[in-house]
Amino acid sequence: MKAFEYLSKIDRRIIYLVIGVVVILPLIFPTVERVRVMAPAQSLFNAVDSIPEDMVLMIDFDYDPQTMPENEPMAVALLRHAFKRRIKVAALSLYVQPLALALKALDQVTEEFNARAQTSADSIIYGRDYVLLGWQPPPIVPLLEMGISISNVYSTDYYGYRTDSLPVMQGIENFNDVGILVSISGGNAPLWWVGYSQVLYGVAVGAGLTAVSASDFYIYYQTGQFSGLMVGMKGAAEYEELVESKLQVPGERKASEAMPSLTAAHLAIMVFIIIGNIGYMMRRRI
Amino acid sequence: MKKRIPLLLVLIFGIAGIIPYYSQYPLVQNVQSFIRNDMIRIIAAFALVLGLGSLLKVHFDKIRRHRENWEYSWVLILSFVVTAIIGLFGGRTGGGMLPTSIGSFVFNIQVIYENVNVPLGSTMFALLAFFMASAAYRAFRARSLDSTLLLVTAFIVMLGVLPLGNRISHHLPSFVQWIMDIPNVASKRGIGFGIALGSVATALKILLGIEQKWLGGTR
Amino acid sequence: MNMSFDFWIWVSAFLTLCVFSFLYKDNPFYKFAEHLFVGASNGYLVTIIWHGSLWPQGIRPIFTEGNWWLIIALIIGMLYFTRFFPRTSWLVRIPIAIVMGYGTGAAIPATIQADIMRQIQGTVLTPQNFARWNAGSSGVIWTILLFIGVACTLSYFYFSREHKGVLGVTSRIGVVFIMIGFGAAFGYTVMARISLLIGRLQFLLGDWLGVLQ
Amino acid sequence: MFATFLITIFALAPPTDVRAYDRPDDGGGAITIQWQLSPDDELVDGYEIYRSENGIDFAMVGFMGRGRTQYNDESTEDGKEYIYKVASVSDTLEGYSEASLPAMSSPQWFVTQRIYLLFAMLVFSGIILYYIYVVRRGKELYIRKIAGLEAVDDAIGRATEMGKPVLYVIGIGTMSNIASIASLNILAEVAKKTGQYETPLIVPHADPIVYTVAREVVKESYTSIGRPDLFDPDKVFFVTQSQFAYAAAIDGIMLRDRPAANFLIGWFRAESLIIAETGTMTGAIQIAGTDAVSQLPFFVTACDYTIIGEELYAASAYISREPMLLSAIKGEDIGKIVIFAALGLASIIGLLTRFPILGLFD
Chain A
1 MKAFEYLSKI
11 DRRIIYLVIG
21 VVVILPLIFP
31 TVERVRVMAP
41 AQSLFNAVDS
51 IPEDMVLMID
61 FDYDPQTMPE
71 NEPMAVALLR
81 HAFKRRIKVA
91 ALSLYVQPLA
101 LALKALDQVT
111 EEFNARAQTS
121 ADSIIYGRDY
131 VLLGWQPPPI
141 VPLLEMGISI
151 SNVYSTDYYG
161 YRTDSLPVMQ
171 GIENFNDVGI
181 LVSISGGNAP
191 LWWVGYSQVL
201 YGVAVGAGLT
211 AVSASDFYIY
221 YQTGQFSGLM
231 VGMKGAAEYE
241 ELVESKLQVP
251 GERKASEAMP
261 SLTAAHLAIM
271 VFIIIGNIGY
281 MMRRRI
Chain B
1 MKKRIPLLLV
11 LIFGIAGIIP
21 YYSQYPLVQN
31 VQSFIRNDMI
41 RIIAAFALVL
51 GLGSLLKVHF
61 DKIRRHRENW
71 EYSWVLILSF
81 VVTAIIGLFG
91 GRTGGGMLPT
101 SIGSFVFNIQ
111 VIYENVNVPL
121 GSTMFALLAF
131 FMASAAYRAF
141 RARSLDSTLL
151 LVTAFIVMLG
161 VLPLGNRISH
171 HLPSFVQWIM
181 DIPNVASKRG
191 IGFGIALGSV
201 ATALKILLGI
211 EQKWLGGTR
Chain C
1 MNMSFDFWIW
11 VSAFLTLCVF
21 SFLYKDNPFY
31 KFAEHLFVGA
41 SNGYLVTIIW
51 HGSLWPQGIR
61 PIFTEGNWWL
71 IIALIIGMLY
81 FTRFFPRTSW
91 LVRIPIAIVM
101 GYGTGAAIPA
111 TIQADIMRQI
121 QGTVLTPQNF
131 ARWNAGSSGV
141 IWTILLFIGV
151 ACTLSYFYFS
161 REHKGVLGVT
171 SRIGVVFIMI
181 GFGAAFGYTV
191 MARISLLIGR
201 LQFLLGDWLG
211 VLQ
Chain D
1 MFATFLITIF
11 ALAPPTDVRA
21 YDRPDDGGGA
31 ITIQWQLSPD
41 DELVDGYEIY
51 RSENGIDFAM
61 VGFMGRGRTQ
71 YNDESTEDGK
81 EYIYKVASVS
91 DTLEGYSEAS
101 LPAMSSPQWF
111 VTQRIYLLFA
121 MLVFSGIILY
131 YIYVVRRGKE
141 LYIRKIAGLE
151 AVDDAIGRAT
161 EMGKPVLYVI
171 GIGTMSNIAS
181 IASLNILAEV
191 AKKTGQYETP
201 LIVPHADPIV
211 YTVAREVVKE
221 SYTSIGRPDL
231 FDPDKVFFVT
241 QSQFAYAAAI
251 DGIMLRDRPA
261 ANFLIGWFRA
271 ESLIIAETGT
281 MTGAIQIAGT
291 DAVSQLPFFV
301 TACDYTIIGE
311 ELYAASAYIS
321 REPMLLSAIK
331 GEDIGKIVIF
341 AALGLASIIG
351 LLTRFPILGL
361 FD
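Chains as they are written, first to last, in the numbering used here: chain A, 1 to 286; chain B, 1 to 219; chain C, 1 to 213; chain D, 1 to 362.
For the record, the hints were derived by calculation from the structure and aren't laboratory data.
It cannot be assumed that every hint is accurate.
[To be verified] No more than 16 Å apart at the CA atoms, straight line, and that leaves these computed lysine to aspartate or glutamate pairs for EDC-like:
1) A:K254 / C:D207
2) D:K235 / D:E216
3) A:K104 / B:E114
4) D:K145 / C:E162
5) D:K193 / D:E161
6) C:K25 / D:D251
7) A:K84 / A:D49
Computed from a predicted model, the values in this text were never measured in an experiment.
Chain A with its partners taken away, still in its complex shape:
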């Protein structure tokens, strides 16, 4: 019994140290893990892949620094998919803080493609291949107004250009010209796109979710309100797998590289819970 007495008195900081080491080691000595793609990520990939020529992929960046490590790999994988398939992208945000992260992700993937591009045809040019529409308060305005006119809400884009003068926005008037809207979010934004924009205008909605809120969003996936889901870093790794295997787009796969560490950490947490409960059972029986 003394062993468990000691075990339960371990200082909190030792546990922090253990979990830190458990996560760091697989990062330094990575093992390659094949990621199995599940239905939600596959259906989102199919929905984005089947966007017609004259429509855009609209991406709502709704994550701030707090959930960036989970959401950014999703945004990068989605952008690689769109740019490789020459699908026009319109990016926006319902809040202020995510805008800088939208710009960060867009710049990163644009540089990746332009570094490899020889001709202007296969390079990514702002205004021709994608536009960052920016932010307009409050969320209810873009949610309802973009069904009538996108350029009404975002008359100037993030850089100050007139939106309807940009080549990418020619022929793109409202939600009827949006193939699918994917909301990459750490909060409830995907629910608003379903509740407001989809109910009123029938726009297809997909979502990239942090794993925390994911279990509450499956009810909208089961009814078909969400055309597909990326759930947590695992969902990002699945989408990265699809983009690399199906479209041969090279690029660092941050989420997939994290899988070995995630495995180690999950096992460690499970062991902690088991030890904790054994000690608890022992103490309760005496």
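Starting from the known structure of chain A, arrange chains B, C and D on it as the hints suggest.
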């Protein structure tokens, strides 16, 4: 007068918010676009600035009264002023009146955000992994049948989402997908109905002026 | 190990370590980092509000398009600031009533349609829903199980009658479903929290120290 | 007759029964064209849609792929008559249909398809208003006792026996969080009970406004049991607005004052982990209650009893007997019965008849 006007406005604009679902008549749509674009969009921008005003007021009071940790309020105010100046006068991606680069060293608002806000914000939440590990060891107990069922499901899901889970048995990931699609959807949908009814009831009471707490909150 | 010599990478690394220092104990570095975060976030907020909304949509159109109505909208917006002056602080209720009223109104049909009607549609026992799982005959069993789960969870949150008799049984089954739902949420939340830590360590070890491949 | 015979040899069979009508429930400017598939549908690449204003010269306005039988022409002027033809097309051959009857697009004031949504909204508002009216006229409304509240009484009893204080943590919510307001009602009850046994009650806060309201609630509870002297301003205090500093401060209180009962009731975020963990370490009875769904799994495993989501609102209504809260709970209960009935009825119809019941909920 101080109550009747706001309550009347909340009812009028509440009905204005309901209308687009039930009519797409061109006149109605133009009025809706006017309300959204030319009224609500401009007014709401000030609401955010209001939050900022009260934040600065709290920290100025803290400094004046030398309350605990008041020195750090200076850090908050100074960092706000510096980033605001660089952002407002330097432009969102540089190129404003204020030069935002000296030679190859760039310091526009985007670079500051990526190298100050991002590390601070994401590390703040990365702490949670440590708290989670410690709580897992010392707090998460199978105290009752309910919490035992919870922990067993959690173990299955935690294994199933990993590539390791797929190697243990390729049925495991599909079983986790089944847990998410059936029992999880059933319970979250049942809970969701209650929350949806509650939020509709609250919204109706606000519009009809029965729920007036939002008035009091601004005393 | 090719450590980075970029000034900003070192700033990010320093701030990351300031926040991690909270793990040891609350200290001046953590307090500095916390207050810097709030200050810098609001500095960015003001920048975007001005360059993204107030100037291009609110003030400039008055001169370029002569849209005089915007002046009234700007005045109503400025009523928010009356909150700091006790005598006129009731005026802040006007802009709040307009913005909150419209949002609250729009939320009612949206919630009823997306969170109630469509969710009922996804639970009803019909051949169409049986086929939704495209799992053949087991699709029927799953839809029935889903129906029972939703009904029992709903009965658990029924407050007008004691949990006795039939209602006692259904709410007990409801709790089983609720606990499985919480278990799923627990498992995913553990994944979420760990992923955030891995993301930061990928920065420290990769971009800063250059230890990773 | 002979001419048509020739055409059929060298041309594709045209689509039949072409009909054009104003698209319903829209803002005008659109005419819907429907047709039956051409008998040669497999050979066809698709269908071209032609429009004319005078019935003589036709211009192409749209194209739909094989197997499709409907197209929306969204470039029409309201109040103008149009006649349509649809041609089945393969790379060389074409088969023109008969001209449709003239059609004219016009806007509708009301989207008839959403009549069910409006009906549901009005019915539910009626239920809510009925209960507010009934409660205001003083009718007694029954709400079952929430199991969590018995756990609250046991916890206070245990703390009193051990002569240890009770800790009440209201979370980091503001007055706009419903959970914070519900928690204040429960705090009033806890203050009354701890006052009767003179057990010290510690209430740390993270929101200045909630703090000022809570202070009044505790003071009033003590005076309502005739013991205004029990109120100690050092026990109900504001700590900090920073999420993690608040959690760290509460850990300090738990380790220093060793409360025997911890109530974690209100709005929480990730800091709930730190608080619940230290509480378990000190061996206190812990009762949690929140509508923050993402924190509930951790409270269930870390605390002795958890009040889940809506139960918190019901508990606060049960204690305060406040008309607004009571009518809300009763109205929502009726709403649940309606949902339950809709599920049952729709299932019966869906199983036994061919009626497309799911369409009702679109």
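Consistency of the hints with the structure:
At roughly 12 Å between alpha-carbon atoms, K254 of chain A and D207 of chain C fall within 16 Å of each other, so this suggested pair holds. For a cut-off of 16 Å, the pair hint linking K235 of chain D to E216 of chain D stands: about 13 Å separates their Cα positions. As the CA atoms of K104 of chain A and E114 of chain B are separated by approximately 8 Å, the hinted pair is consistent with the 16 Å bound. Annotation: proposed proximity of K145 of chain D to E162 of chain C holds, straight-line Cα distance about 8 Å (limit 16 Å).
Taken as a hint, the K193 of chain D and E161 of chain D pair is honoured in the structure, with Cα atoms around 13 Å apart against an allowance of 16 Å. Note on K25 of chain C and D251 of chain D: the hinted pairing holds, with a Cα-Cα distance of about 12 Å set against a maximum of 16 Å. Only pairs whose Cα atoms come within 16 Å are accepted, and K84 of chain A paired with D49 of chain A is accepted, the gap being roughly 10 Å.
In this structure, none of the earlier numbered hints is contradicted; all agree with it.
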